[in-house]
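**Q** The chain contents come next:
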Amino acid sequence: MSAVTTPARQASGGVNVKVINRIVIYGLLALFALFYLMPLFVMLVTSFKTMDEIQNGNMLALPRAPTFDPWLKAWGETCVGLTCAGIKGYFWNSIKMVVPAVLISTMLGALNGYVLTKWRFRGATLVFGLMLFACFIPFQSVLLPMATILGSLGRFGVTLQNATGTSFGLGNPTVNLVFVHVVYGIGFTTLFFRNYYEAFPTELVKAAQVDGASFFQIFRRIMLPNSMPIFVVTVIYQFTNIWNDFLFASAYAGTGDAMPMTVALNNVVNTSTGVVEYNVNMAAAMIAALPTLLVYVLAGRYFVRGLMAGAVKG
Amino acid sequence: MAFLEIDGLRKRFGQVEILKGIDVELEKGGFLVLVGPSGCGKSTLLNTIAGLETITSGEIRVDGRTINDLHPSKRDIAMVFQSYALYPNMTVAGNISFGMEMRGVPAAERQKAIDKVAKVLQIGHLLQRKPSQLSGGQRQRVAMGRALVRDPKLFLFDEPLSNLDAKLRVDMRIEIKRLHATTGTTIVYVTHDQIEAMTLATKIAVMRDGEVQQFGTPAEIYNNPTNLFVADFMGSPAMNLIPATIGTSGNALSVVLQREAREPISLPMANAPAGLSAFQGKPIIFGVRPEALTDPEGAERNASHIATADCHIEVVEPAGSDTFAVTNLGGKGVVARLRADANIQPGTNTPLAFNLTKAVFFDPATETRIR
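Here the protein sequences line up with chains A and B, keeping their order. Residue numbering for the first sequence follows the working numbering, starting at 51 and increasing by one per position. Residue numbering for the second sequence follows the working numbering, starting at 99 and increasing by one per position.
Any given hint might turn out to be false.
Said to hold, decoys possible - No more than 30 Å apart at the CA atoms, straight line, and that leaves these computed lysine-lysine pairs for DSS-like:
1. B:172 <-> B:228
2. A:168 <-> B:228
3. A:168 <-> B:172
I should point out that these hints are in silico values taken from the structure, not numbers from a laboratory.
Just chain A, with the same shape it has in the complex (with noise of 0.2 Å):
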């Protein structure tokens, strides 16, 4: 702006400022990012250290003989809690309660954002005004009357499994979690596709109803096949906080076999027996973090095709 009011610093001031601008702007970048990556950093060099590397070196040092050891033995064989088999078996728990969790709960949400956009009925706007309340309960507020009713979920699963054989998974403790995390996605998952199907073109939908698709075709054929880059976004969204969650997972499945990998590490790291391995503690930490990781890596390529493909739409 400076080089249109005074045309004369053009040619020499006006490019020096433009270059320290960038200079300074990459430098803070730099800075934070640098100041952002450095507990990752630390903990991946850590992972790959031995202990006596740890006790006796730089926290920031290079591991100076590389090896897998403690990432194994996070995996097969670190004591969490009394038994020492490894996080592994909390790993494929945890991968359990979020694939059905993610994938119910996105696809509720889509049929909710359908159904509030497309199919809009008296009060629709009120229903979905309430329903973004969910996004704004403090989750501590629930834990007490979600204990209470899954608790009578529960109690309901032990007379089905008398009466008919099966419990219906009523009482499971993963299947608990499946069910609170469900509840307590919709409000986000409604809220995103509400809003993208509110700029999806009706005309779609009319054109289908006029070609004789019911509700749940148009919704399978039309609104679905096109609605990648919100959902791979409400996918990501979902699962980095289910994954990630700690306080549901140690208030309903704090103990025991169903226990999600998040509990599971704090009780690795808390464990108050023998020798801190903090080598050990890192790569349990990393595996923890990997998936979250890989579904952004992989998903978030889909995201951005997406976005493309509807540029070009025009």
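With chain A held as given, fit chain B onto it using these hints.
**A** Here is chain B on its own, set in the frame of chain A:
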């Protein structure tokens, strides 16, 4: 009995009445154009025919069958949308055959139908492309293909050309007209463009504020508008609607037009409409289309009643095929349409010929035609 009949159709959204009793009918193979300014209810009317909107009261019949409460897919209609509404995730072939797929038509039969339509519309080479890889005109064709493939009783077009650029619009307009002529289908077409309405229609319904202002053939609408709104809306450039008074010259009536800084023009009326005598000495609106106001040499030879008057030319607009001259009568700019090579200069007084057989008169109070 007509093929499409709409009787006393009303549509209310809460307290607001969008359609206030529409009565329209169309013969088999006809081309009905619903035209009007935005917000007049023409698209709502089309959606009620399609079944995408419910109706409050009235009746819609197609081929003698009442379709009021049928689901859109059961009405045997096909619709072309303003945005084309092509499914972005499907290929052109998938788009065209989606309706058949939903109705459970076997794949071999679907393919045959796709090929037939692709041949008619010359989109065979596009069948495997996605809508995002098509140009505007190609998308338009595919949207029409999706409608054609159903072979329905009734085609509905919702402003199908409004997203195209000017040149393509003219091409596609001709194409739609050709399609209608060759396939003989019955079409209801919504547009706000009165040229599309004039060129395509066999019947036009001019709408305003949820009411049909006039329903008739394009010629009737153009030459015999029933009120000021229709006269003003149809035709480009628009009809000149000049405030005037009715006087007498001898024992005939005459139309008196005020001129700036000069004595008024008095045009004697040889065969004035009967209703006009009641307006002696009163203000009226004198309507004359630009082509009925021209240079004396270019005036229609066989018109029975032409009056010539000197007019002060303010602006001359050569448009290539015609030359438009703007003069001022009754306090309003008045457009005359002259031959392209007419020798006319702005700022001069030039005689203009009024073709009074084509003139129409309106009551300024009620805005209705004086007949």
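**Q** Confirm or reject each hint.
**A** Evaluated hints:
For the hint pairing residue 172 of chain B with residue 228 of chain B, the CA-to-CA distance comes to about 28 Å; that is within 30 Å, so the pair holds. Under the criterion of a C-alpha separation no larger than 30 Å, the hint pairing residue 168 of chain A with residue 228 of chain B is consistent with the structure, at around 24 Å. Between residue 168 of chain A and residue 172 of chain B, the direct Cα distance comes to roughly 20 Å. Compliance with the 30 Å bound is thereby established for this hinted pair.
In the structure shown, no violation is registered for any of the earlier numbered hints.
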